[in-house]
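Student: Residue numbers (our numbering): 4 to 627.
To be clear, the hints were calculated from the coordinates, so they are not data collected in a lab.
Be aware that one or more of the hints could be misleading.
Cut-off 20 angstroms, straight-line C-alpha distance, at most; resulting in silico cross-link-like pairs (DMTMM-like, lysine to aspartate or glutamate) [claimed, not checked]:
no., residue 1, residue 2
1, Lys-592, Asp-420
2, Lys-364, Asp-353
3, Lys-287, Glu-257
4, Lys-139, Glu-213
5, Lys-224, Glu-242
6, Lys-132, Glu-242
Listed next, with one range per pair, are the computed distances between beta-carbon atoms [said to hold, decoys possible]:
no., residue 1, residue 2, range
7, Lys-224, His-535, 49 to 57 angstroms
8, Lys-578, Ser-296, 55 to 63 angstroms
9, Ser-185, Glu-260, 34 to 42 angstroms
10, Ser-38, Asn-214, 39 to 47 angstroms
11, Glu-242, Gly-553, 41 to 49 angstroms
12, Ile-240, Gly-520, 37 to 45 angstroms
13, Tyr-459, Glu-260, 25 to 33 angstroms
14, Thr-521, Lys-339, 49 to 57 angstroms
Given the structure is predicted, the values throughout are model-derived calculations rather than measurements.
Backbone N, C-alpha and C define an ideal beta-carbon position, used for all residues, glycine too.
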Amino acid sequence: MKNFDVVVIGGGHAGCEAAHASARSGTKTLLVTLSKSSIGQLSCNPAVGGIGKSHLAKEVDALDGLICKVADNSALQRRKLNLRKGPAVQATRLQTCRINYKHYMQTELENYPNLEIIEGEVISLLTVKDQITGIKLVNDVEILCKSVVLTAGTFLGGLIHIGEKSFSAGRVGDKSACQLDSFFRDSGFPIGRLKTGTPPRIVKSSINFENLEAQYSDKDKPYLSYLYDHYGSTPNIIEEIPCFITHTNTNTHEIIEQAKELSPIFSGAIRSVGPRYCPSIEDKIDRFADKQSHQIFLEPESTANELIYPNGISTSLPEYIQHKFLRTIRGLEQCKISQPGYAVEYSYFDPRCLHSTLATKNYNNLYFAGQINGTTGYEEAASQGLIAGINAAANACGREPFILNREESYIGVMIDDLVTQGVTEPYRMFTSRAEHRLRLREDNADERLTQKGFDYGFVSSGRLKRCEAKIHSILTETRRLSESKVLPTSPSINLLDSKFGLKIKNTTSLRDLLRMGTIRYSDIIGLDEFKHAPSMLVGNLVSIRERYRGYLKIQDDEINKTSQTHQIPIPASIKYKVIEGLSSEAIEKLDYVRPINLGQASRIPGITPAAISILRIFLKKHAA
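I would like the entire structure built from these sequences, with the hints used as guidance.
Tutor: Below you can see the structure in the form of structure tokens.
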């Protein structure tokens, strides 16, 4: 009988990051997947990043994870979003080649030290009292382990709907994990149902692109991984292919409106909730009846460029209706469908059954990650997989857990949201979910997290040295700009006045200039006082820090003020019912979530400031 430290179930984005993180932590790791050829599959949109999502992905990268590196080596299109807004909400998005992405992910995992991959279907977990001792495969093979990470995605009780037709599957062409779903239901886990969907895939040769707007990569071609955008390495470069933009119209809407009762969403066949921010086209037309059109991005799926992903028209209408409404759309008048759109229902666990380590409260060596926690998106899944894999390895080795908090990472925000508040719909990340998003930018995830990951033991020394070199460059340039002065008699004074309206009467450093008006690093390069071969990358990072220095100080002061209270730990053994003054509702909610500190307790819906005050006094009294 084989024996491992950690077993990871599932080879999607959460499973890949979990297995990789566990293995690089030094533990003997097994990844079990239904099909090796499907490892790293981009099941829906072939893109990585976007608003909020790129922040998560870059944090995974800062902790030596895979998703950004693999995406950069598979990119068909590279864009920077929200450039007209502040740096806190700017985001990178890459359109990727499905084939290349899967290839690079599989290559990263196949020969990685401490990691073994097998094909098989897990039908149950082996248990002794409150511990998982191993897994059981469909062929009755049993494998022992110290920790298990479950990353089943949409495969746990997966059910696909196309019109009035439904069948068991995790995605088209892959069977669902029904026996494992039954195991968890029988084990008393809080299970619900959610749904997601995908649009039809269209044969490229059947599309008329002649009158459609093309969307190319940005001129600067941004990268996701710090290895390539900040550390000087170069990824594999493949052929870039543009996306195209088209729109639905009133004819499209009329067809869908007349047929919407054939959609399982409206017929009652699907009762579970789907992602709010990625609704089906029939749902959009119903909810936004006043809109005359909806934008569609025609996105290539691979360098082979044979199929197009029409982003924006996810649907579960019957296939013949899909054909009918698609052909009312400009450019798609003669289109052919390779695979119809569909909705998939799947089982998920109430994430309030998890600790902040993503370990379950039922079994402290069982970890959940990805869509089964009620989230949606590759980036959300990868982030959870990373944390679950690290902590599963830590548990197997008897080490302290690795936890990220809200103040230092978007990963911390997401996990805290999940385990504290639970979900009523698929959770996706937005920058608006973070209270301190000015500190949690795309450009500084490595500065925030890489050292911490290295100290814990799963970030390489090479990665840390590259991060330290970047930080050193920023500090060096900041110091140089502080020492470079603009005198009142300098010719630069007139330029600063005429171009930026700055009337400088005293000696001013170039660093000070970056805090004034709308001046950027690119503006001060032309000044006589600059006298240095510029590094635009480093300079722009310096500029961001100087421009927002005052705001960052305010945020830091707020964090320091509240952390004294919020970081007060709550013992795991606490009995809330003995605390005088707590309402029955507060006791019930605190008992269910079991928060680790006062900060988490304060974020539980329904827990009042008065309850927190009572709890704080109780903890202080019993601390002695």
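Student: Tell me, in ascending order, the numbers of any earlier hints that this structure violates.
Tutor: 4, 6, 7 and 13
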